[in-house]
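Q: Protein chains in written order, with my numbering: chain A, 1 to 809; chain B, 1 to 360.
For the record, the hints were derived by calculation from the structure and aren't laboratory data.
Source: prediction; values computed, not measured.
Honestly, I wouldn't trust all of these hints.
To be verified - Subject to a maximum C-alpha distance of 20 Å in a straight line, what follows is the list of computed DMTMM-like cross-link-like pairs (lysine to aspartate or glutamate):
hint, chain 1, residue 1, chain 2, residue 2
1, A, K474, B, E286
2, A, K348, B, D158
3, B, K199, A, D582
4, A, K535, B, D158
What the hints assert, rightly or not - So these bits of chain A aren't anywhere near chain B, every CB distance computed over 12 Å:
hint, residue
5, N154
6, L187
7, K214
8, T289
Stated by the list, open to error - Derived contacts from chain A toward chain B, CB cut-off under 10 Å, selection only:
hint, residue
9, R166
10, L343
11, L420
12, V463
13, P481
14, N487
15, K535
16, A559
17, V570
18, Y579
19, D585
20, V732
Positions of the beta carbon are idealized from the N, C-alpha and C atoms, including for glycine.
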Amino acid sequence: MKFTLSWLKDHLDTDATLDEICERLTAIGLEVEDVDDRAAYAPFVIAKIVSAVPHPEADRLKVLSVDQGDGKPLQVICGAPNARAGLVGAFAPANTYIPGLDITISVGKIRGQESHGMMCSEKELNISDNHDGIIDLPEDAPIGTSFAAYAGLNDPVIEINLTPNRPDCAGVYGIARDLAASGLGTLKTAAAPSFKEDGKTTPTVTLDFAEEDKYLCPGFALRLVKGVKNGASPVWMQKRLNAIGLRPINALVDMTNYLTFDQGRPLHVFDAAKVKGNLVVRRAKDGETVLALDEREYKLNPSNVVIADDNGVESIGGIMGGEHSGCDENTVDVLIESALWDLMNIAKSGRSHGIITDARYRFERGVDPEYMVPGLNRATELVLDMCGGTPAEISVTGYDGYTAKVIDFPVSEVKRLTGLDIPASESRTILERLGFDVEGSGDVLKVSVPSWRPDIEGKADLVEEVLRIHGVDKVVATPLPSMGAVNGKVLTTLQIRTRSAKRALAARGMMEAVTWSFIPAEQAALFGGGAPELKLENPIAADMSDMRPSLLPGLLTGAQRNADRGYGDVAIFEVSGTYEGDTPDQQRRVAGGVRRGTATLAGAGRMWSNGKTGGGQPVGVYDAKADALAVLEACGMPMANVQIENGGPEWFHPGRSGTIKMGPKIVLGYFGEFHPKVLDALDVSGALCGFEVFIDAMPEPKKKATRTKPVLALSQFQAVKRDYAFVVDKTVEAGAVLRAASSADRKLITNVNVFDIFEGASLGENKKSVAIEVMIQPMEKTLTDDDFEALTGRIVANVEKSTGGTLRG
Amino acid sequence: MSDLESLKSSLLDEIENASDEAAIEAVRVNALGKKGSISELLKTLGKMTPEERQTRGAAINALKNEIGDAIAAKKTVLKEAAINARLAAETVDVSLPVRQSPAEIGRIHPISQVTDEITAILADMGFSIAEGPDIETDYYNFTALNFPEGHPAREMHDTFFLPPDENGERKVLRTHTSPVQVRTMEAQKPPIRIAIPGKTYRQDSDATHSPMFHQVEGLVIDKMIHVGHLRWALEEFCKSFFEVDSVTMRFRPSYFPFTEPSFEVDIQCDRSGPIVKFGEGSDWMEILGCGMVNPNVLRYGGIDPDEYQGFAWGMGIDRLATLKYGMPDLRDYFNADVRWMNHYGFRPLDMPTLFGGLSF
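Model the full assembly from the supplied sequences, consistent with the hints where possible.
A: Here is the structure:
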């Protein structure tokens, strides 16, 4: 919402400075977004062309001698067709910034002739689009004085960022009312217009709605003014419209725009001669069209409300008028419309047709119903002043008057919600100054809401009114009451695990990325996503269309972008949401990570080691497995309950991936190297491995009665390590060998590990050797040779039985 | 020269000439071992008369002690030399680089770090952390937050929509974290004191706007909570977060459908340099929106607005991170560029706490 200072002062009697006004506007909730004090216009002076002779080198240029009032004429080169001796216009001396050209001019030579400034067109001054010639002022314009002062360009323009709840301030008058209520001046109330009416307004108006649709047009006022002369609007009006960025068109149209901004009252004018038959306000018929004033044709439907006559639709009610019945310089009889429309319907219709107008802006926020008739009277008065003519009697259809909402307002609410001791009398005065009608004198006041404040619903709104005028910045900071205990439950288990997973992965040398929740459709499809309910209807870019089914596409392409910049060895992770569906329980919490190149846990790149070249090995499935298990451990998952199965989802390498499970059903995650086809489709390359762990799949830890740890029984006897090697079929999983060995004696054997895998011709075809180290911890006595022999026997027997292998001799 | 003198002389020569620990050991065995020359002499004592034994015996024992001491001294010298030789041989080039600890290489993203900082402060003020889904219903994102259907305030949000279901209802990507306010009210009786960090989405993209961003929302509901408490909570939060002794805040009236009265809050700062400084200067910067929870929202959450009242505020986590740590462009947050993460990220063991420090 834009307006000028002088415009505001039409409605507000105040001595306050521009700064004071702006400060107060912001303080009462009308946030000043921009103030243009129009200093840019200060250098322009009114000057007279003393002489104009053709440029010796150019046909279309003239050499002017320009007098700017100091008796020392300057030479100026000018190309304007209307440049002539005796013309008085706007002169920009050298080194002036020209707003319409966005350049600063300097003394220069044009085709060999020096030019010491510029005579300006309206376009060059950004006051209109007129570039037919330089500004041509009346001869008596005071030479040597400020052009800005003369032309009214010194009127500061204020723009406020109007919140959608304040339609009353979508007009300068409403803003003045708020300022006056805050004590910054006195609201000026104009005398009611008076003019002599003659005859009845024709055509007649019918609101053609079914009973349940009457809310669509709660009132329609119309007046015919005959015999107008529709020329340009007066200069003062044009200046104001120009200042707020509206292009003056003709007096009748300018009047409607002016009152839209002056009073927040949108109006429409029809050329009566072009209206055929009577006016009907109704729902549009399916497929009806109208050529609107923006010269676009709109195809309407019954959810739109129109004003129609025998020709068809003349106007989309409250949104935009039709081109056909618009007013131009030939208009003689004019119909002025001032109507009321349904907020929601205006918003919906406007949005569905993509029409943004100043009328829609106001009607969808709520226009003062009680100003419908006064607004039409004020419009009539302006038309009579500017265009002459004879007004007919007003015709008002369908308006039932305004019934004020009455709110029971316990004055104590002010203290309850703000903590401030504002006296009841002050609260009352503030409300009254804002136009509320306050009755009663006890603890509970009866407050009637004025017709221009549709946003006021209840007592909390009244508290806000009191507070914002009293001054919200006067609120005193008050410590929150203590909760009376140590804050014991800050995070949920899922939040704690999310945090732990992040710190654990970062501690493994990985960097945390945050990638987009929406990814390209093809990528979503590759990773099991792409469901229709997860495709955005209005993505910000075509490749940010699908809610991601996995963190991996974002991380893989992220790793590739780093590689493309020359950083090929990267380890990145993310702990965030993925989407299996559109319900809350289908949003998963996942820790995912990708390692690329040689970015292993030990570190990336080659590194000397014991005199040898070391490191630099490409990452692989086991790096990803270690990361995945580290997440589970960091989240407190009991690792004994975790099983690893061969293979993962189809985006993984089928022979180099695994699935982490708890029991037969719960999938805790996947890890591995990726399927080459998937990498191709993602356009990524290089050694890559990755994992995803479903943080939300881990069961909640069991509630324990005590945090005390189980008693630790420390053995007095020395622990012993024994090595065994088994020759098994290549297809036998090492995990099976480990499990078989461990189960030989659950008490004595505390750990079993694989320390070597060997394949060679000596073992036979399709065979491999799995060498294990068994940690034996005697608890009751030192083991004898016989004891060891018996244990070895059980280990060998167990492994041979379950894997079909043999002890390697 | 007596036989003892000459033996002594020859043994001392041998000791002197022993070049390593093995050689000195050989000397010891030859002299003092079972069949060593001195041991053999000692054996002769038994056949001597007491008088002979007195003089001869004392002389042999003196020799034994002297040679024993000499061997021990030589042994110490040789051992020292051997250790020195070994140390010299084992010397390496310590200028060779070593691998950095993975915990020094890894990084926590500023959004996670700042979320932890916020959590640390608010936990101390009695808040718990709540969360909610990114894909929301129209009801929770708008209706229950007092955005009437078709209201222009909805359009301020540049909402991302998902396709309509069979009932014509469209889910949305939540435009703010506020839906969790109502979800929490439905699940929990007052008093409520929660903070809600999370991802939010709006159709907007430039250096300071990203279509995906992060907000943190605060909600306090109790019987006596008023705007003064809100102001205190925000002042304390900002002081702690920006790690300054004092902040000056300015409350301005504003409008959000879900609060009444509503405010925007500016914080005094110095913007004259490349980095914004808080607690000093004469500029104002808007940092958050807040207000008293609108009675309609309380009703939607099943709470009687005549019994309970409260406040809520919302602010951008990414913006807080930018203000504190100075990343120039919001879009870089989501680029997974390791150079950026390395520079602006945090080490995994730098955990923000109030006792150990918020920032590192």
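Q: Against which earlier hints does the structure fall short, listed by number upward?
A: 20
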